[in-house]
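**Q** Here's the letter readout for the chains.
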Amino acid sequence: MVNVHVYITLKEGVLDPQGKAVEHSLSSLGYEGVEEVSVGKWIQLKVKDGEGLETRIEAMCEQLLANPVIENYTYKVEREATV
Amino acid sequence: MVNVHVYITLKEGVLDPQGKAVEHSLSSLGYEGVEEVSVGKWIQLKVKDGEGLETRIEAMCEQLLANPVIENYTYKVEREATV
Amino acid sequence: MRDVFSMGARPIALLNSLRFGPLDTPRVRYLFEEVVAGIAGYGNCVGVPTVGGEVQFDRSYDGNPLVNAMCVGLIDHSNLQKGVAAGVGNTVMYVGASTGRDGIHGATFASEELNEESQAKRPSVQVGDPFTEKRVLEACLELVELESLVGIQDMGAAGLTSSSAEMASKAGSGINMNLNLVPQRETNMTPYEMMLSESQERMLLVVKKGHESEIEEICEKWDLDVASIGEVTDDRNLTLYFDGQVVADVPVTALTDDAPVYEVESIEPVSFKENQAKDWKPASITDYNETLKDLLQRPTIASKEWVYDQYDHMVQTNTVVVPGSDAAVLRIRGTKKALAMTMDGNSRYIKLDPENGGKLAVAEAARNIVCSGAKPLALTDCLNYGSPEQPNIYWQMKESTKGMSDACRTLSTPVISGNVSLYNETSGEAIYPTPIIGMVGLVEDTAHITMQQAKQAGDLVYVLGEGSAHFGGSELQLMQDDEISGIVPKIDLDVEASRQQLVLRTIQAGVVQSAHDLAEGGLAVALTEKVMGTSLGLTVTLSKDANTLFSEAPSRYVFTVKASDADQFESLMPEARAIGHITDDAQVIVNDDYGQSYINASTEELTRIWKGAIPCLLKSKA
Amino acid sequence: MKAAVIVFPGSNCDTDMFHAVKDFTAAEVVEFVPHTANSVADYDAIFIPGGFSYGDYLRTGAIARFAPVMKSVSKEAAKGKTIVGVCNGFQILQEAGLLPGAMKRNKDLKFICRTVGLKIENHNTRFTSEYAKGDVLQVPIAHGEGNFECDDEALQKLHDNNQIVFTYVNDVNGSKSQIAGIQNEEGNVLGMMPHPERAMEAWLGSEDGRQLFTSVYRHWREMNVVTN
Ligand SMILES: Nc1ncnc2c1ncn2[C@@H]1O[C@H](COP(=O)(O)OP(=O)(O)O)[C@@H](O)[C@H]1O
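Residue numbers (this note's numbering), protein chains in the order written: chain A, 1 to 83; chain B, 1 to 83; chain C, 1 to 622; chain D, 1 to 228.
Just so you know, these hints were derived from the structure itself, not from any lab. It is possible that part of the hints are untrue.
Claimed, not checked - Pairs of lysine-lysine residues, derived as BS3-like cross-links and limited to a Cα-Cα distance of at most 25 angstroms, are as follows:
id, chain 1, residue 1, chain 2, residue 2
1, B, K46, A, K46
2, A, K41, B, K48
3, A, K48, B, K46
4, B, K48, A, K46
5, B, K41, A, K46
6, B, K41, D, K110
7, A, K11, B, K46
8, B, K11, A, K41
9, A, K76, B, K76
10, B, K48, A, K20
11, B, K46, A, K41
12, A, K20, C, K221
13, A, K11, B, K11
14, D, K22, C, K337
15, B, K46, A, K20
16, A, K41, D, K110
17, B, K48, A, K48
18, D, K71, A, K11
19, C, K455, C, K611
20, B, K11, A, K76
21, C, K402, C, K375
22, D, K71, C, K221
23, B, K76, A, K11
24, A, K20, D, K79
25, B, K41, A, K11
26, D, K157, B, K46
27, C, K455, C, K562
Please work from the sequences and hints to get the whole structure.
**A** Quick look at the structure:
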């Protein structure tokens, strides 16, 4: 098994109401100089390693994990160091 | 300004109904060998660089971005390569 | 909800009562916003409408907010289920979400003074899963139809331990369970952890031996964990096995009925006598217009639209009277009947005068029910106090409970359920004693359903009941002094009961267009609320004094009546005084006895102030 | 007319929808159809009710879209059957690709339950023929994610093809062009966030939702007279 990290954000140009709200809250809590906040998803999963791993991950992302109409995704595969 | 990425997940032992639902759904879509799915947040923000940067980021995480009762967070600071 | 559907009833409505500190710190604002979102998130998802409730703000809840929830269900008598573990040899089954380590010691946490140490303990909080709850609900309502189901109970506080012990105790039986069979979502859980886990959305069932597959079938359909984990015995012991060993074997009664009764000391606090001795008088009011506007902006009086807009109060399409009136009303599909429901409790009165305050709380809830055209049926109470080990606090509990129970007897409203939350203290400071009353009433015919908003111009405005000179615990006092003291308005329960009957009779006679009881802010606020959000106004004549306008004396009502019904109304309710009429010019005008207006504001402005207060506080900076 | 009301785990407006169709149209058959059903081919109109299918975990409608019954819904949609998705039903139809766009969280991030003004933008549809253009209805909304989003090109297409059926009179949730309900290009699939099934009787606050159901029925009847 490998650890897969999928990162999902709204596409550029899509207004992010959650990001805006967080930005606003941070500033009203007194944190200055915080900008361009965006709130996305970080999905972690363990997937069987082997042939076609990347194709499988991409399929999962396109089919379920992200909504291609408004979201972009990237991912990272983490192989545990073999002892 | 530096780019900050904050990654938030549920603490171990805390029920993750979203993760379960995604796992279940992936398996019924025919993706085999997918395990331990968890759904967390990935927050990106631009923060003013400078003294106390890490303390400021940690404070933001504890106060607002994460709910320390049930969530853990990590973060990464990305400095843009100066030209 | 689980307590309700495990009886075989379908939850039809939720209500909640909230207590927070003033919205002047970011922390309280955060808590308030998140709590409302949390209640909304769960109820909306399960699909049970949240139709009512109440919110009050007071310093005493700064470090210790209160959230009390009430659920109303509808049941066909033949489906009534009991949480009993009867029938030796019958199978004990586990249904619902799997067990994790969440909420261990939750019950003790709920009744514990908050301190540094308990902060560290907090990871024991459970995360709710409304989607699972919805499936458990639907599955349970199918399960209760089965002949083979003997008993069913929610795993609430202290989880498997209390549910199994209570079910066995009620049947006079015992239970054996093999903990290895408990569905688990974490690894290496110990028997201790499994027995005390307060993971949510779980039920314990007793099923006739040999019929387990009927249960399994329904659970599989709803995609729920199900397991046969034990059996009913006749030895009156709770016996637990784990890895083939007996890990506990205790008499059931030791866990339930034989619990020691705790005798604690009750001492009347000196402040009580002091308050009784000094009668607080309001500072003289120069601008009544401004005072009314200030009162309307008090968060406790202001519109709670910000809150109930977030609750789906319409799902199931039975809600006839949506939030914003005295009580919510839901029709019962297929009948002429409807149910009215409300939650109430004014802890300031109880703090100053617990016995009288306890009576006031029950009476106010009943008045709200009556105003909507319903006869009070029964109530549930949520008792929230500080540490009962403090003699002064125990005295508050004793006195307020006595007051409530007197009121229940006089008003013939049985207390059919409730809950208790103690040790609500932060760093030694207790909350105000806060019993909350949830009441349900029956509308015999939907034609009787009455709302608080005035209906049309030309209707006459009547008041029933007089103000008083006691302002202890009133909103006016809090506004002027920022603290409460003195004598609270007294209630005469016999007057209360007879007026309630009279009001209900008059409403049922069909001559009342709208009815509203007087509460925080008194007559002036109640009158304004009759036209809030409408395009109507009103013109009334009232003597220009605080007692008339802002007294919170109990057992009082405002009505609007069609001019053509006035004679009949007056003959039914001779005590009511006509004070003016509803107008179509959208101005709220109060004249003195010489025809001079001393309150004069547009409905639109008053509505804006009243609706804007809470959103405005939430947006404001620290 | 034979009508189906699809029930997913977590649907919670299914009964309300059922009563709206059954009590206010002359449909001969109205039936609940579980998410596990393989076919809805026997029905003339398919209603997908609101609620929180699969808890709305991950994204609203994301998981429901893969329920077995949705394959058949897509097939019937392609054949021109009438499909109505309300609230969560709309979100599911978007996730399934039967309607364009996606829903974001409401602009102020709060769930909103309130009766709002709804304007008929297109009354030449099988869903709104009994309304008049420009009619303003009072219909409840109850959603946390009804903030309609799509790219400019898709939006232009919606306008050009008259696919926008309902808009909000006021900007309640941040939706682009204040869109409250749209149909597909072919005009047989409707998605709307407001709940017409909650606006069926005056004592519920409004009966402005009725004509949606009677329009659907009328369309079916007219088609049937022609084909028979
Ligand atoms: N203040 C109260 N007034 C009336 N009944 C109460 C009160 N507190 C608890 N009860 C009743 O006692 C029973 C057990 O309540 P509680 O200990 O709160 O259990 P649970 O954890 O199942 O809610 C319930 O039937 C409840 O309604």
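**Q** Could you work out which of the previously given hints the structure breaks and list their numbers from low to high?
**A** 1, 3, 4, 12, 13, 17, 18, 24 and 26
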